[in-house]
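**Q** Construct the entire structure; sequences and hints are all you get.
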Amino acid sequence: MSDLTKLTIAGARDAMRKGETSSAEITSACLTAIEGAEALGAFVHHTPEIAQDQAAAADVRIKAGEAPDMCGIPLGIKDLFCTKGVPSQAASRILEGFRPAYESTITSQLFDAGSVMLGKLNMDEFAMGSSNETSVYGNAVNPWRRGNDDAALTPGGSSGGSASAVAADLCLAATGTDTGGSIRQPAAFVGITGLKPTYGRVSRWGIVAFASSLDQAGPMTKDVRDAAIMLGAMSGHDPLDSTSADIPVPDFEAALTGDIRGKTIGIPKEYRMDGMPAEIEQLWADGTAMLKDAGARIVDISLPHTKYALPAYYVIAPAEASSNLARYDGVRFGHRARLAQGDGITEMYEKTRAEGFGPEVQRRVMVGTYVLSAGFYDAYYNRARRVRALIKQDFDTVFADGIDAILTPATPSAAFGLGEMTDADPIQMYLNDVFTVTVNLAGLPGIAVPTGQDKQGLPLGLQLIGRPWEEGELLNVAYSLEQSAGFVAKPAKWW
Amino acid sequence: MSIDTETARRVAKLARIKVEDDALPALATEFSAILGFIEQLNEVDVEGVEPMTSVTPQRLKRREDVVTDGNQQEAVLKNAPDAREGFFAVPKVVE
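From first to last, the protein sequence lines stand for chains A and B.
280 is the number that the numbering used here gives to position 280 of the first sequence; each next residue is one higher, with no gaps.
1 is the number that the numbering used here gives to position 1 of the second sequence; each next residue is one higher, with no gaps.
One or more hints might be untrue.
Unchecked claim - In silico DSSO-like cross-links for lysine-lysine, where the CA-CA straight-line distance does not exceed 30 angstroms:
(1) A:K455 with A:K292
(2) B:K78 with A:K84
(3) A:K351 with B:K18
(4) B:K61 with A:K392
(5) B:K61 with A:K84
(6) B:K13 with A:K351
(7) B:K92 with B:K18
(8) A:K493 with A:K455
(9) A:K490 with A:K18
(10) B:K78 with A:K351
Stated by the list, open to error - Over the 12 angstroms line for every Cβ pair with chain A, so calculated as not near, a few chain B residues:
(11) D65
(12) A83
(13) E85
To be verified - Stretches of chain A that chain B covers, calculated by requiring three or more beta carbons in the stretch to come under 8 angstroms of a beta carbon on chain B:
(14) 239 to 248
(15) 309 to 322
(16) 327 to 334
(17) 343 to 350
(18) 357 to 364
(19) 374 to 387
(20) 424 to 430
In short, the hints are calculated from the structure, not lab data.
Ideal placement from N, C-alpha and C gives every residue a C-beta, glycine not left out.
**A** Right under this line is the structure:
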C-alpha cells in the first residue's frame, strides 16, 4: 500500500485486519515522515525503539484475532502526558530531565489496546497559550500556508504539535488536552477533528495539571469516525482520578449513522461577535444550512452570560494553576537553580521558578496568586465561580428546552502568523478562546470539525457542543456535518 | 483596578518567583490590564448564586481507608535534583 501515513485509524484498522499492511509498516512510514519533518517542530522527543517494539507486538495480536480497534495504530502523545521513562516536561524548562516512573492512565489504556507511541509532541508551556509560542522547545509550525506566501503560521495551541503532526500525516492521530480550547482551536487551525469530552469522561491521572476543574484530554484525528474510535479507548472510570465518572462507555463509533433528522440544533446569538470576519459568518451560515438540509431543526437560542466566560476563565484557570504549579519547587523533580553563597530555601524556590517558568506561565501563576490572596478571594475567585455557575445554567436551560446540540464557530479567525501577536497585549491572545472556553466552564463535550477554507486557502472549523455524556450523539451530528461539508483539502508539502 | 509596583513585588514574593526590580513596572502594567479585563465580572448579578464547586453533579466516591501504595523510595527520589541517603536535600533551613 502507498501513503500509509495518510491512513485514518479506521482505514488502518481495516487494512491491517485484511493483511494488506501491518503496524510495523505503518509505524516505519510514520517514523520516516517524522524524520523529514523537523521544520514543523511537532515531535520534540522521538521514541522509535518503543514504537517498533509496540508495533511488532501489535502485529502478533492482530494476527491472532480479536485485537482492539486501536491496536497497531501509531500515535503522537502530547508532552503533557507522563510516559514512563520517556521525557515528559509539559514543554517547560522546569521539568527538564524529568522522566516519570509511571504511565498516565490514558496512555496506559491506549498502549494496553495495542497503540504505538511515535514520540512526544510540542505544546505551549504547561498548556498555557493559543499559538504554541510559549514552548521551551520553540514553535510548532502549521503545515498550511497562506496561498504562495511562505510565512510560517501557528498551528494554534496549546496542542499545537498534536495538530501539526496529524495534519501533516506524521502520525495517524494524537492525544491532546483542552482547558479553554486547546484541542478545538488547533484542530480548526489545521483542518482536523478535535474533541473535548464531557468533564470526567476521561481520566486526568498522570497528565500534568494546569486547571484541574477544566482540564480534559481528548483525541485529535483526521476525521470524526477516528475521534469516535479513539475516544472509546481513552474513556472510562479511573479510581486514581476522583473526578472521573463511573458510568458505562458506549460504542461511540456505532452512534455514527449520519441520520440527524428530527434533531434540534441551537444557534446562540451571543456568539455573533462584533467585528467577526465575514468569512467566519459565512462558514457558520453554511454549516447551519448543511444541518438543516440533513433534516435537523434549527432554533435560535440565547446563552446570556457568554460574554463573561473569558473573564471568569482568566480568574479560575490562573487560580487553579497557581495552586497546581506550586509543586515545581526545585526539590522533587526537574530543574533547580544554581544557588549563590548564603542562599536559603526561599531563594532556591524563587530563583528556580524564575528560571524554570517562561513569561506566560509566570504571569498566570502570579495572577492566580493575586486573585486567591487575602482580601481578593471573594471579589475575584468566588465571584468568578458564581458567574461560572450562571454560564452552566445557560446551557442547562437550552438543553432542558429540547436542544440536542449547539453550532458555533470554532475560532474567531483562521491561523495567524507566528510572531504576529508578539506585541499584542496578553488579552488579545486570550480572545482566541472566546468560542471554546464556555464549554470547559460548563463541563460539556465539544468538537471542532473542519468545514471550509478562507480565501487564502487556510482551513476553518465549526464547533458543535453537546449535552453532558452524550458524546455519541454529538459525534453523530459532527459526522453529518463532516459529510455535508466534504472537507478533503490537505496542505501542500513544503517541509 | 490599577496595580502598583509594590503590589507586583508582593505578588511575585507570594508566588515565589524572583522578579528583578527593573521588571516590576512592566509586570504591574500587565496585571492592571488583565485585572481590568476581569473586572467585567462586576456587571453580573450574582445575588443568591452559589459558587460552583463541581461542574458535574456527583458525589466523590469513597474507598476503604487502607494503604494501597508505598515502598517506592527509590522511584520517588529518582527525579530529584539533589537526593542523599534516601532523602530530598535542600539548602539549610534552620539557622
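**Q** Now tell me, hint by hint, if it's right for this structure.
**A** Outcome of the hint check:
{"no.": "1", "hint": "A:K455 with A:K292", "result": "25 angstroms, holds"}
{"no.": "2", "hint": "B:K78 with A:K84", "result": "13 angstroms, holds"}
{"no.": "3", "hint": "A:K351 with B:K18", "result": "6 angstroms, holds"}
{"no.": "4", "hint": "B:K61 with A:K392", "result": "23 angstroms, holds"}
{"no.": "5", "hint": "B:K61 with A:K84", "result": "27 angstroms, holds"}
{"no.": "6", "hint": "B:K13 with A:K351", "result": "11 angstroms, holds"}
{"no.": "7", "hint": "B:K92 with B:K18", "result": "19 angstroms, holds"}
{"no.": "8", "hint": "A:K493 with A:K455", "result": "19 angstroms, holds"}
{"no.": "9", "hint": "A:K490 with A:K18", "result": "27 angstroms, holds"}
{"no.": "10", "hint": "B:K78 with A:K351", "result": "22 angstroms, holds"}
{"no.": "11", "hint": "D65", "result": "14 angstroms, holds"}
{"no.": "12", "hint": "A83", "result": "9 angstroms, violated"}
{"no.": "13", "hint": "E85", "result": "15 angstroms, holds"}
{"no.": "14", "hint": "239 to 248", "result": "holds (count 5)"}
{"no.": "15", "hint": "309 to 322", "result": "holds (count 6)"}
{"no.": "16", "hint": "327 to 334", "result": "holds (count 6)"}
{"no.": "17", "hint": "343 to 350", "result": "holds (count 8)"}
{"no.": "18", "hint": "357 to 364", "result": "holds (count 3)"}
{"no.": "19", "hint": "374 to 387", "result": "holds (count 7)"}
{"no.": "20", "hint": "424 to 430", "result": "holds (count 4)"}
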